[in-house]
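Now for the letters of each chain:
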Amino acid sequence: MAEVQTTFVKAINAALARAMRADERVIVLGEDVAEGGPYTTTAGLAEEFGIERVINTPISEAAVCGAAIGAAQAGLRPVVEIMFIDFLTLALDQLVNQAAKAHFMSGGQLTVPLVVRTQGGAGSRSGAQHSQSLEAWLTHVPGLKVVMPSCAADAAGLLASAIADPNPVVFVENKSLYFRRELAPEDPAPVPLGRARTLRPGRDLTIVALSRLVGEALSAAEQLASDGIEAEVIDPRTLTPLDLDTIAESVRRTGRAVVAHEAVYTGGFGAEIAAQLQAAAFDFLKAPIQRVGAPFTPVPVSPPLEDAYRPGAAEIHRAARIAAHWDEPFAASPEPGAVTAP
Amino acid sequence: MAREIPYIAAINEAIHQEMARDESVLYFGQNLATTENDEFLKAFGSDRVRVTPISETAEIGMAVGAAIAGMRPVVELYMAEFMLVAMDQVVNEAPRFRYMSGGRVKVPLVLKAGYGFTAGWAGQHTGSIYGMFMGIPGLKVALPATAADAKGLMATAIRDENPVCYFHHYLLTLEPGEVPEGEYLVPFGQASVRRSGGDVTIVATGWMVGKALAAAESLAAEGIEAEVIDPRTLVPLDIDTILSSVEKTGHVVLVDQATRHASASALIAAEIADHGFSALKAPIKQVTALDASVPYSEPMEAYVLPDEAKILCAVHQVLGTAPVAA
Amino acid sequence: MGTPTPPPASTSAELDGETALGLLRTMWRIRCFEERVAQLKRTLQVHGLIHLSIGGEGVAAAICGQLRDDDTVYSGHRAHGHAIAKGAPLDRVMAELMGRSDGLCRGLGGSMHLVDRAHGLLGATGVVAGNIPLAVGNALAARLRGSDQVTVVFFGDGAVQTGYFSESVNLAALWELPLILVCENNGFAEFTPRSAHTTVERVCDAVAPYRFPCQSVDGTDVGALFAVFAADLDLARRGRGPLLLECMTHRRRGHYEGDQEAYRDALADAEWQRRDPLARLQADAIAQRWLDEAGAGALEQGARAEVEQAVSFARASPFPALELAGELVYASER
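Residue numbers (our numbering), protein chains in the order written: chain A, 46 to 387; chain B, 26 to 351; chain C, 36 to 369.
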């Protein structure tokens, strides 16, 4: 398939337009969406589809999310944009108590084909209320699906599947991925929810990374290769449902695992992956599963502090080396505690 | 002197004593003090004991503001799930100000909410959602399982300089227990070993502690000695006490009334799998609710929730003493 | 609390005999159903949190009775009356309250989460005001489809103090949606009187700046309420909206079954007779000679018999297969 230069934002924008062309039940709602939104993910949609289907809303996250749930129950396929995942907190009751439970509590009578697009992540000097990675809570809620793409092609393919899904899906983007130049298929195929992607094969170690840290994991893997350690890098792409099979198969082969994300180490989704892996690959593990995450603090705004806060290739590399050398008799004893950024 | 009082009375006693001790402690929430005979209203007056409208967002936000201004509010929120309505205040306001102000302000605040009721409260009133509050830097989470802890943890929560989510279990409301009179504080971050044993470590919270202890008695009759640990606070989490036990037993069962996926027990499992790696002789087993909403129908509700039989089954699985069943 | 002044004279002049009898029949079905539920709750054959609407049947009957199956109703925790008046079969509502597989929601929802898609009841909720935004979205869908469907959302006066209410009213007004907001103002938010919740006496006053049609009516005067809602419905049907109707009612029972009600004095029987929408409409109907005493007795007996059949139906229905709990977490059909 022909590949074109694109960005994450353009891929999202094109995927929305494709879905709206294909199905007139698809509508887009959110603050400033008709103007394209602060990151231009909805640019041009109002011009093509009209402001009846690309609906600007007041700053009322709870009611807007609720209205989208009601519209979904009435047969539309709304895509709501919550500008920052930090503000999803304002609509969390709607997602948890209405969207996630409606199908179950109605004995299957109601469905909520809803996509909530939002973005998180630190790095923009925006401070503690505009930089968080809060996806782990959403994965604790039965009935919600949670998607976290790491590149433009997957973003387009996963968004197509999320819009087609009959369940509420929270689609978590990362602002620092938005404007990188990437190659992606001109006409990306839908990517099924619940299928991980192995980006790099390796026999010595498995790195499971989410969102922005997928790229960081690939960098770390290059460094590890020069150390003589061949790391396999897997991107689960969706957290709920989680493709444990792909991850566990890899770990059973390599015997070592690092799980990496930008969210806090304590309370981040890495614990869930580690908990499932220790059960699924117990007899194959040669070293404890290492987790990489942010320290247990709010996101600081000061540039050097924020840079130190954000986990990246260096932290993954360090965790991988601990895992790789854990059972070597003369290796330095592994450092106890969380492998977080300094 | 200790005497036996119900769990709910122990909570109220702690709030009452702290209000008497420190006049900056306020108590407000929905349906509080609805009669003139209310014990808090009589003792502390309507300035410090306030009924609020059904406005969770404003209730918690107001408490954050009052706390920053030097008060110590205790907010009564009834159902833990209703806190989701005000999650922005719980996540982006309460635990953030100390940090964002460079430590110049503090937010001593208690958010008191019940959870875990069964018997038909169905999908929106029974959720055990405390796990969602674990990944929020700045917030502490207390989960008392006995009347004494209910009192001691509440008193500690009120005196803490940080926002604390205090989750009391509805099924324990009338459960009596020995509770010390007078000032009684249970420190945060200190697990309680409810029963000692060398064969398997069972970690349980809230209502599940009693289930785990009952299972441990059955196991003792079979010659299996279980150690039962109640963390009492999830943030901070006393992982050291748990790891010491795992060093001894090598086998772990985690009991959590919440749904399994990304739960508190998953976090504990990941910690043990990492730091207890060399001691573990078998995979850690989680006994949790089914990953579903809580159904209304009684038999189905029992089906989705963890119970003593499921704990026993899990213990046998990790010990390899019984055939592995699904 | 805001005490509605009962009108001195009958307003059933607004009704014709056939309509009045239809309303009475619905109200008796709700009244008998809920009285039976109270008994079943005491003997734990119905479990969970049960909130009864006795005293408010007139609102459910006068409003839901005028809606089509393709009009949508959302309701709160006190939803039995709305469900029954909207057409949900008594036997399947009762089976739901007993947690049986033939229940409306197959035993998964219960009293606070009734849904009957076929009759346009898209759901009750246990979070106060939690589904007012959903009703906004439902009306938005009707508007986008170009249909003449109308959405009605019922909520209590306690819900008016939530952010959900304020945000939803603003959205519905901004987007001019065919939504009728029906507030059942019974003067109590759960266990506390309205005076302890707000300084705004009437809900209509709280939305006045939006300038959409808004009326406060005596919710126990079923004839008058019927006429007022008919006019509102006609407007909404023709695309006007939103509208708000505040119905002053009396909650005969506690907040939930088992509530000790220490926070209020019971209404004297004579006062209850004046505020009981069922007794008032029935007296009017007899005065108008649409009905005689025997006919009234027959209405009640008919409803009681139907409720007993519903109880038998529910008891005969099996509990749901346990595996259903895992199967219905996610939808699979497209």
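Think of the hints as simulated: they come from the structure by calculation, not from any bench. Treat the hints loosely; a few may be bogus.
Capping the alpha-carbon separation at 25 Å, the derived lysine to aspartate or glutamate pairs in DMTMM-like fashion look like this [as the list claims (entries may be wrong)]:
(1) B:Lys-306 - A:Asp-249
(2) B:Lys-67 - B:Glu-247
(3) A:Lys-331 - B:Asp-63
(4) A:Lys-331 - B:Asp-316
(5) B:Lys-306 - A:Asp-68
(6) B:Lys-131 - B:Asp-224
(7) B:Lys-306 - A:Glu-294
Calculated from the model, a selection of chain A residues having no Cβ within reach of chain B, i.e. all distances over 10 Å [as the list claims (entries may be wrong)]:
(8) Asn-101
(9) Ile-104
(10) Val-186
(11) Pro-230
(12) Leu-238
(13) Ala-324
Ideal placement from N, C-alpha and C gives every residue a C-beta, glycine not left out.
Hints and how they fare:
About 23 Å separates the Cα atoms of Lys-306 of chain B and Asp-249 of chain A, which keeps this hinted pair within 25 Å; it holds. Straight-line distance between C-alpha atoms of Lys-67 of chain B and Glu-247 of chain B comes to about 54 Å, which puts the hinted pair past the 25 Å bound. The hinted pair formed by Lys-331 of chain A and Asp-63 of chain B fails the criterion: a straight-line CA distance of about 61 Å is larger than 25 Å. Simply put, Lys-331 of chain A and Asp-316 of chain B have alpha-carbon atoms about 30 Å apart, too far for the 25 Å limit, and the pair is violated.
Restraint check for Lys-306 of chain B and Asp-68 of chain A: the C-alpha separation of about 54 Å exceeds 25 Å, so the hint is violated. In summary, the hint linking Lys-131 of chain B to Asp-224 of chain B is not supported, as the alpha carbons are separated by about 44 Å, beyond the 25 Å threshold. For a cut-off of 25 Å, the pair hint linking Lys-306 of chain B to Glu-294 of chain A stands: about 21 Å separates their Cα positions. No beta-carbon of chain B is positioned within 10 Å of the beta-carbon of Asn-101 of chain A; the least distance is around 21 Å.
For Ile-104 of chain A, the non-interface assignment is confirmed: its Cβ lies about 12 Å from the closest Cβ of chain B, beyond the 10 Å cut-off. Against the 10 Å criterion, Val-186 of chain A falls within the reach of chain B, whose nearest CB is about 8 Å from its own CB. No beta-carbon of chain B is positioned within 10 Å of the beta-carbon of Pro-230 of chain A; the least distance is around 32 Å. Every beta carbon of chain B lies more than 10 Å from that of Leu-238 of chain A, the smallest distance being close to 15 Å; the non-interface claim holds.
With a least beta-carbon separation of about 4 Å from chain B, Ala-324 of chain A fails to lie farther than 10 Å from that chain, contradicting its non-interface assignment.
The structure does not agree with the numbered hints 2, 3, 4, 5, 6, 10, 13 stated previously, though it agrees with the rest.
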